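Engineer: Single-letter residue listing:
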Amino acid sequence: MYLEQIELQNFKNYASLSLHFTPGIQALVGENGSGKTNLLDAIHYLSLTKSAFNPIDQQNIRHHEGYFTIKGVFKRENSPETVFCGYEKARKKIIRHNELTYEKVSQHIGRFPVVMIAPQDQDLILEGSEARRRFFDSVIAQIDAEYLQNLLHYQYYLQQRNALLKTYYEQRQWDEDLCQTYDAGMLHFGQKIYARRQHFLQDFQPFFQSQYQQLAGQKESPQLSYHSDFGQTDIAQAFIKAREADQRLQRTTVGIHRDDFIFQLESYPLKKFGSQGQQKSYLLALKLAQFAIVRQELALKPILLLDDIFDKLDDARMQALVEMVSQQTFGQIFLTDARPERSLSVLAALNTEKQMFFIQQGKLNKTQIF
Amino acid sequence: MQVFASKLIENAVQEIAKLPGIGSKTALRLVLHLLKQNETTTLALTEALRRLRQDIQYCRHCHFIADAPECSICLARHRDRSLVCVVESPQDVMAVENTAQYQGLYHVLGGVISPMAGVSPSDLKIDTLVERVQKSECKEVIFALSPTMEGDTTTFYITKKLRDFPLKISTIARGVPIGSELEYADEITLGRSILTRTSYE
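Order-wise, the sequence lines are chains W and Y.
Read in order, the letters of the first sequence are residues 1 to 370 in the numbering used here.
Read in order, the letters of the second sequence are residues 1001 to 1201 in the numbering used here.
Hints were generated in silico from the structure; no laboratory data involved.
The structure displayed is predicted, hence computed values, not measured ones.
A virtual CB, placed ideally from N, CA and C, is assigned to each residue, including glycine.
Just to be clear, a hint being listed does not mean it is correct.
Taking lysine to aspartate or glutamate and the EDC-like style, the derived pairs with C-alpha atoms no more than 16 Å apart in a straight line are [said to hold, decoys possible]: (1) Y:1161 to W:88; (2) Y:1168 to Y:1140; (3) Y:1160 to W:175; (4) Y:1161 to W:177; (5) Y:1161 to W:175; (6) W:104 to Y:1186; (7) W:104 to Y:1164; (8) Y:1160 to W:177; (9) Y:1160 to W:88; (10) Y:1161 to Y:1187; (11) W:71 to W:88; (12) Y:1139 to Y:1123.
Just a few of them, taken from the derived set where beta-carbon distance is under 8 Å, the chain W residues facing chain Y [to be verified]: (13) 155; (14) 156; (15) 163; (16) 164; (17) 167; (18) 175.
Distance windows between CB atoms, simulated [claimed, not checked]: (19) Y:1186 to W:319: 46 to 54 Å; (20) W:166 to Y:1015: 33 to 41 Å; (21) Y:1015 to W:149: 42 to 50 Å; (22) W:188 to Y:1037: 56 to 64 Å; (23) W:103 to Y:1014: 37 to 45 Å.
Kindly produce the complete structure, drawing on both the sequences and the hints.
Structural biologist: See below:
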């Protein structure tokens, strides 16, 4: 599966753009602010029906315009499939697959998988547990449609329960039966989510380990572990035990919404003790493992989106990555670079189909096949 | 804002446009229609509405709409008093009645529980239901609430309240609508109806 064509209208800094791609490497080059990353984001949008950087669609419209559209033509086993995403101010966004509008946007997730590697990835290490949950949730959702439904159901019970705790705080009337009703919902769906996350991590682990070894060599051992309140022996009891704290804080303090994924290197927290380079290797290994597991589960190669990757990597890691590319590990690759000559020299040695797009202020300047 | 020739018309239009499903254009059409008719037509309408508002009562047993302290269903001799069907609104009573398949009594909750929407159990007629099944000859409570998460939560909650009484508790079946095509049924409903299939007799 690969993206053959993309058409943008009023998306971010593009007024109107139409590009054709080949199944190989597509390098997008141009100065800072020219719109390279926005183009990657448009591809991300086609796959996951949202921007990788800004969840507010209104702000993804080009300044002074009222709507944006993104149209993509994917090729899967030689037959074209079109995906259309459109958003108009104050309207619901529309996602169409082969001219048909989806009833639920969630049906689209996983059909055209992408893996994006961007400078923002370091939020996974630096930010709180929510960023890590979001990352793993989005990977699992790409390979398991039911997972997303379970998450939504869990979220519903959590919100109702928190609303109940707030009303209690204001009115001082406690309804234990109602709280237990929401506990039961959270326990039911929480258990499913817990089991899926645990199972996923078991599958994910070997991919992650081997990617890290390839990038950084045998000398370091990274650890990735999953921590959840649901790991306790009696989680139902834990909900009851937290009752008083919940009432005081007006929110639910136990549950799957507080899970965390722990990143460590030689048993020490990566955030505090990992060097810049080690952190980069860790993140890259996470993303490449994501690529590997999606490829295995869906039996197709996700499109790889590499944003400013050359700035992030030293020569050794770059070499490791280029080697993986040359071994046909990946399918179609989009990458951005502010320095065309660097991309040319890195990619020149590769025996893959390559195209370079020179982008200037939201317009295509020229195309070069090399 | 539309300009009306008369303040009287404007007032009437504004009042009628407050009704669900009626915009100001339709309201104006209705008002002009009433003016064209005899005066008695309008007075009959206002009188009917006034009496509706002032005289309507809610049944003291089941909270269904009634003209007297007890509704016609609760008063009917032939109905099976061992069955109570729990519904959200008076419309739901009418919907079940229209099936002509049910001969028991009802209980109208007046809504479903949702703390997010500001509806707590005390806003609904749950206490009277618990009291009622305790004191009456009720043997089975049938939940006929909408198959939404709020509906399911409400069923679960009330079931908790009723657990100490010797009652049979049931909910209406969920499945594929009769006369529809299987291939067009939504996945969740179809999946559920496979899981809760009934044996063929």
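Engineer: Which of the listed hints are broken here?
Structural biologist: 1, 7, 9, 10, 12, 13
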